[in-house]
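Protein chains in written order, with numbering that gives the first Met the number 0: chain A, 0 to 355; chain B, 0 to 301; chain C, 0 to 334.
It should be emphasised that the hints constitute simulated quantities derived from the structure, not laboratory data. Any given hint could turn out to be false.
[Stated by the list, open to error] Within a straight-line C-alpha distance of at most 30 Å, the following computed DSSO-like cross-link-like pairs (lysine-lysine) qualify: (1) C:5 to A:270; (2) B:31 to C:5; (3) A:269 to C:5; (4) A:158 to B:31; (5) C:57 to C:5; (6) B:206 to B:194; (7) A:269 to A:158; (8) A:158 to A:270; (9) C:5 to A:158.
[Claimed, not checked] Covered by chain B, per the in silico footprint, the following chain A stretches (three or more residues, Cβ under 8 Å): (10) 124-130; (11) 177-186; (12) 205-218; (13) 251-261; (14) 285-292.
[As the list claims (entries may be wrong)] Facing chain A, a subset of chain B residues (Cβ under 8 Å, in silico): (15) 24; (16) 158; (17) 209; (18) 213; (19) 237; (20) 261; (21) 275; (22) 276.
Owing to the predicted nature of the structure, the values given are computational and were not obtained by experimental measurement. No residue lacks a Cβ here, since even glycine has one placed at the ideal position from N, Cα and C.
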Amino acid sequence: MTDGPLPADGASPEAALGRGPVAGRAPGERRVSSGFGRYLLKHVSGAAVSLLLVLFSSFFIFRLIAGDPIDQLTKERPVSPEQRAAMRAELGLDQPLWQQFIDYLTGTLTMDLGESFQYRRPIFDLIVERLPATLLLSGTGMVLAVLLGFWIGTRSGWKQGSRFDRGHVATGLVLYSAPTFWLGMIVILIFARYLGLFPVNGMRSPSTPPDFWSQAVDIGHHLVLPVLTYTAVVYAGYLMIMRSSILDEIGSDYLTTARAKGLRDDEVRKKHAVPNALLPTVTLVFLALGSVVNGSIVTETVFSWPGLGTLFVNSIFYPDRPVLQALFVLFSSSTILAVLCAEILYWFIDPRIRRS
Amino acid sequence: MTATNTLSPRALRWARRRQSLTRSWAAYRSQKTGMWGLVLLGAIVVLAIAAPVLVDESALSVTQATGGRMAPPSAAYPLGTDETGRSILALTLWGSRLSLVIGLTATVVAIVIGTAVGITSGHIGGWYGWIALRLSDWFMVLPSLVVAIALLAVLGRSMATTITVIALVSWPGTTRLVRAQTLTVQSRPYLERAKALGAGHWHQMTKHLLPNVLPLVLASATLLVPSAILMESSLAWLGLGDPGVVSWGSILNRASENGAVSAHAWWYLLPPGLAILLVVLAFMMCGRALEAVFNPRLRGES
Amino acid sequence: MLLEFKDLRVAYRGSRGRLPAVRGVDLTVDAGGTMGIAGESGCGKSTLAMAVLRLLPKSAEVSGEILLDGEDLLQMGWGRLRAVRWTGASIVFQGAMHSLNAVQRIGRQIAEPILVHEATTTPAAAARRAEALLERVGLPAARARSYPHELSGGQRQRVMIAMALACDPDLVIADEATTALDVMVQAQVLQLISSLVTERGVGLMMISHDLSVLSAVCDRAAVMYAGRIVEQGPAHEVFADARHPYSAALSAAFPVIGDPAARMNPGGLAGDPPDPVRLPEGCSFRPRCAVAVDRCGGESPELLAVPVRGSAGGAAEAPRVSACFVAQEGMPVVR
Numbered sequence: 000m001t002d003g004p005l006p007a008d009g010a011s012p013e014a015a016l017g018r019g020p021v022a023g024r025a026p027g028e029r030r031v032s033s034g035f036g037r038y039l040l041k042h043v044s045g046a047a048v049s050l051l052l053v054l055f056s057s058f059f060i061f062r063l064i065a066g067d068p069i070d071q072l073t074k075e076r077p078v079s080p081e082q083r084a085a086m087r088a089e090l091g092l093d094q095p096l097w098q099q100f101i102d103y104l105t106g107t108l109t110m111d112l113g114e115s116f117q118y119r120r121p122i123f124d125l126i127v128e129r130l131p132a133t134l135l136l137s138g139t140g141m142v143l144a145v146l147l148g149f150w151i152g153t154r155s156g157w158k159q160g161s162r163f164d165r166g167h168v169a170t171g172l173v174l175y176s177a178p179t180f181w182l183g184m185i186v187i188l189i190f191a192r193y194l195g196l197f198p199v200n201g202m203r204s205p206s207t208p209p210d211f212w213s214q215a216v217d218i219g220h221h222l223v224l225p226v227l228t229y230t231a232v233v234y235a236g237y238l239m240i241m242r243s244s245i246l247d248e249i250g251s252d253y254l255t256t257a258r259a260k261g262l263r264d265d266e267v268r269k270k271h272a273v274p275n276a277l278l279p280t281v282t283l284v285f286l287a288l289g290s291v292v293n294g295s296i297v298t299e300t301v302f303s304w305p306g307l308g309t310l311f312v313n314s315i316f317y318p319d320r321p322v323l324q325a326l327f328v329l330f331s332s333s334t335i336l337a338v339l340c341a342e343i344l345y346w347f348i349d350p351r352i353r354r355s
Numbered sequence: 000m001t002a003t004n005t006l007s008p009r010a011l012r013w014a015r016r017r018q019s020l021t022r023s024w025a026a027y028r029s030q031k032t033g034m035w036g037l038v039l040l041g042a043i044v045v046l047a048i049a050a051p052v053l054v055d056e057s058a059l060s061v062t063q064a065t066g067g068r069m070a071p072p073s074a075a076y077p078l079g080t081d082e083t084g085r086s087i088l089a090l091t092l093w094g095s096r097l098s099l100v101i102g103l104t105a106t107v108v109a110i111v112i113g114t115a116v117g118i119t120s121g122h123i124g125g126w127y128g129w130i131a132l133r134l135s136d137w138f139m140v141l142p143s144l145v146v147a148i149a150l151l152a153v154l155g156r157s158m159a160t161t162i163t164v165i166a167l168v169s170w171p172g173t174t175r176l177v178r179a180q181t182l183t184v185q186s187r188p189y190l191e192r193a194k195a196l197g198a199g200h201w202h203q204m205t206k207h208l209l210p211n212v213l214p215l216v217l218a219s220a221t222l223l224v225p226s227a228i229l230m231e232s233s234l235a236w237l238g239l240g241d242p243g244v245v246s247w248g249s250i251l252n253r254a255s256e257n258g259a260v261s262a263h264a265w266w267y268l269l270p271p272g273l274a275i276l277l278v279v280l281a282f283m284m285c286g287r288a289l290e291a292v293f294n295p296r297l298r299g300e301s
Numbered sequence: 000m001l002l003e004f005k006d007l008r009v010a011y012r013g014s015r016g017r018l019p020a021v022r023g024v025d026l027t028v029d030a031g032g033t034m035g036i037a038g039e040s041g042c043g044k045s046t047l048a049m050a051v052l053r054l055l056p057k058s059a060e061v062s063g064e065i066l067l068d069g070e071d072l073l074q075m076g077w078g079r080l081r082a083v084r085w086t087g088a089s090i091v092f093q094g095a096m097h098s099l100n101a102v103q104r105i106g107r108q109i110a111e112p113i114l115v116h117e118a119t120t121t122p123a124a125a126a127r128r129a130e131a132l133l134e135r136v137g138l139p140a141a142r143a144r145s146y147p148h149e150l151s152g153g154q155r156q157r158v159m160i161a162m163a164l165a166c167d168p169d170l171v172i173a174d175e176a177t178t179a180l181d182v183m184v185q186a187q188v189l190q191l192i193s194s195l196v197t198e199r200g201v202g203l204m205m206i207s208h209d210l211s212v213l214s215a216v217c218d219r220a221a222v223m224y225a226g227r228i229v230e231q232g233p234a235h236e237v238f239a240d241a242r243h244p245y246s247a248a249l250s251a252a253f254p255v256i257g258d259p260a261a262r263m264n265p266g267g268l269a270g271d272p273p274d275p276v277r278l279p280e281g282c283s284f285r286p287r288c289a290v291a292v293d294r295c296g297g298e299s300p301e302l303l304a305v306p307v308r309g310s311a312g313g314a315a316e317a318p319r320v321s322a323c324f325v326a327q328e329g330m331p332v333v334r
């Protein structure tokens, strides 16, 4: 696993750039010709199949492998066989498997995600409650990481081998090697415990006045350390991707043309090299959403940030299977949809892909 | 061309392999980060293997612990003690064994699966190949930690399940790489000749495709191991590791569960985490150097 | 004199040591004149072209002078150099697929140098000028909105030409500008270059390994070998009646269609150009020369005037020069 956008298959960003958006053609399928409609259809149907697979897997894991939930639900109190039968009927467990799967499918697609064993509340409500916190943390972290990574990566690659380059690559590599949760603990130790500058965990302090600005400042204050931790581990990946991409462009002839026209070095970099280098990297940002999810789960847990990540982790040991199942589907779907966004985006930003 | 000494085909093959190995080693050696990575890795592996010699296993026993409760470093306990009085130094040293073993085993399993699927998918092609590719792509998109947590939540906690789960989320990456290389090698003339000479699928895959794919796989493996180690440590820290064993992640799990952060017990937190960092860093350095051996454009980076 | 090279030397510092690419070149191009530089790969002609606007990599050591309108380009400060780039001299590169920015529209790329060098021009005005240039090179103005990959090879080369003329330079350097094109397209592009040169009175320095291309467009020609100029003179004379064994071999290598002597009898020269790190003693062409004498192994010949038999007395052309002892004696350079 990686808490950053570098691929988890053991390839460096240099190798990762060779891959475009996920695509594939079945043998015997006719070559898809140009046209946004066809392009969209192909990728949307691919995403739909992937989503279906996710739902199937979640059913497989949490119903088939996990076994009978009745035992777990009744472990604290003795129940008679009639009560068990009644519970089974209530949860639909007396139906044949394929029927259960259909019910599950229709339920999920209509946002009926069931009830949490632990909280005894609709899971949908739980998710809606906690989603903003997660988006705040991972959104901020990711934006910062991308901006920082790309900014440094561009300059690093442009001046390959310079002190700037070597220093930043080394720093990034070291930070990337640190386990996120450990970094979080160290950050808390230093900045919250020793220095007392920031709160130790959570999103809010109960003693804050209820007006909007005080609340906002309080949340912001709590946000600093988690975002710092998250960005520190993740930015290096984006740095390496962008650096690699710029390196790919450096020897190119069109840059010589630009120089010959009389542009300054930074103009050549900004107006010609960067747009070309940005092309593969923009989509990689979307394709790396899986690691964003990974990283945010861990970061939220370290800082007890009240988001979906802590909900997921807290549900493990109960075990609150419906919540685990729902969040599994949610997290997986988000990454699949991110890939779809990357593919759609690619159509608009790369003029070359629009021709058949 | 007549040669005065004719070597057997097998001897020729080995001579060629030795040659390319020497070349690769020279290319690897020219990179400083690669060499430092190797040194660091060597040191860690030596320490891990020598752990039972350096520290008696009884130091891990909770009942025999003699140190103070979460005591800071002292002469007797250079890295302090945990909440049960055990020496952190001993724990960290012993923890290395498990962290490395799990990481390496999971990687090996992942690579075996990934290579097998990759080669067969590239060689056999057709519907099987297409489905295998799509499946591995789908797998790769899913957030690995989420899948790992979900599986461990239902499968239970043990070393075997940890290794299985890590391997499961890691294998797809190798597949794509191997498949691409397989397709490249497939189009080469000597494979056609082998087929014409009557080589069956198994022979083609093991004697021709596999050797060509292995170097790439090796480079990829070197970057997969740190990934596996990081994942294991995260899972252990979350409390999903084997409860009976000591790994760096599990040490940190106990640390946070027992309030090491609020107790300012930096000696409890720093060593295991630093150990993870150093191992991962070492592997990354070697991995990048290895990649540069295969991709000359990346050479001279260090 | 528009462009003058004075004892230009370029060497590359590499892993193999110091590679001399240009070893003392003296050359002039007059205002409105057309000079062709011929030679095989590795002779240094492209290095010569890139040296003018100082586009060589950092590993290149350059010495000597390159005077453009009297100013030494090699001694200029960066600011002045950037100002002179494209306005004083511009380049038409080969292989325009990679020489153009793949993700930027053609019109913008042509207008870019206008906006860089003329601060008072608005983007709209620059765009209009770009469209006018496109039409002048035979492309519809609507093409300004195209991307490079949407054009054919010949069209891209026309775009490169249009771009080169954007700032009205005094000198245009064409570095293998037609090498990657089909013969028919090549003829069209050469025609275009010719007419533009005459129409705008720009000087042209054309680099090519293809003698037919050079003789179609250029008045004068120079032949390069192993980093030096070995012969120079009026283009058609250098190619039809060479005064250096290498030039003769170069011309002979091009079969003349319809000439019975050339059928089933390909010309060409055995051997390869010398390794720049290990140049032979004396004349660098000696190992491949059919008419070499003893003197050729001892000293390296200078570029000196050679007697030309049969030239109408007192023709007011620039003298023929050749770096060959045999030619300088007035002896024939082919066996």
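Hint by hint, here is what the structure shows:
The suggested pairing of residue 5 of chain C with residue 270 of chain A is violated, with an alpha-carbon distance near 36 Å, which exceeds 30 Å. Taking the CA atoms of residue 31 of chain B and residue 5 of chain C, the gap is about 44 Å. The hint is violated against a cut of 30 Å. In summary, the hint linking residue 269 of chain A to residue 5 of chain C is not supported, as the alpha carbons are separated by about 36 Å, beyond the 30 Å threshold. About 19 Å separates the Cα atoms of residue 158 of chain A and residue 31 of chain B, which keeps this hinted pair within 30 Å; it holds.
As the CA atoms of residue 57 of chain C and residue 5 of chain C are separated by approximately 21 Å, the hinted pair is consistent with the 30 Å bound. This hinted pair checks out: residue 206 of chain B and residue 194 of chain B have alpha carbons roughly 12 Å apart, not beyond 30 Å. As the CA atoms of residue 269 of chain A and residue 158 of chain A are separated by approximately 14 Å, the hinted pair is consistent with the 30 Å bound. For the proposed pair residue 158 of chain A and residue 270 of chain A, the alpha carbon gap of about 16 Å is at most 30 Å, so the pair holds.
A hinted pair counts as satisfied when its Cα atoms are at most 30 Å apart, and residue 5 of chain C with residue 158 of chain A does not qualify at roughly 33 Å. Under a criterion of three residues with beta carbons nearer than 8 Å to beta carbons of chain B, the stated coverage of the region 124-130 of chain A fails, only 0 such residues being counted. Residues of the region 177-186 of chain A lying with their CB closer than 8 Å to a CB of chain B number 8, which satisfies the three-residue condition for coverage. For the region 205-218 of chain A, the proposed coverage by chain B is not satisfied: 0 residues have a C-beta within less than 8 Å of a C-beta in that chain, short of the threshold of three.
Counting residues of the region 251-261 of chain A whose beta-carbon sits less than 8 Å from any beta-carbon of chain B gives 0, not enough to reach three: the coverage restraint is violated. Remark: the region 285-292 of chain A is confirmed as covered by chain B, as 5 of its residues place a Cβ nearer than 8 Å to a Cβ of that chain, reaching the required three. The beta carbon of residue 24 of chain B comes no nearer than 20 Å to any beta carbon in chain A, farther than 8 Å, and the hint placing it at the interface is violated. Because the beta carbon of residue 158 of chain B sits about 18 Å from the nearest beta carbon in chain A, more than 8 Å, this interface hint is broken.
Hint status for residue 209 of chain B: violated, given a least beta-carbon distance of 18 Å to chain A, over 8 Å. Contact between residue 213 of chain B and chain A, as hinted, is not supported at the beta carbon level, the nearest pair being about 14 Å apart and thus beyond 8 Å. Among the interface hints, the one on residue 237 of chain B holds; its C-beta lies about 6 Å from the nearest C-beta in chain A, closer than the 8 Å criterion. For residue 261 of chain B, the interface hint holds, the least distance from its beta-carbon to any beta-carbon of chain A being 7 Å, beneath 8 Å.
The interface hint given for residue 275 of chain B holds, since its Cβ lies 5 Å from the closest Cβ of chain A, which is under the 8 Å cut-off. At about 5 Å, the closest approach between the beta carbon of residue 276 of chain B and any beta carbon in chain A falls short of 8 Å, and the interface hint on this residue holds.
In summary, the numbered hints that this structure violates are 1, 2, 3, 9, 10, 12, 13, 15, 16, 17, 18.
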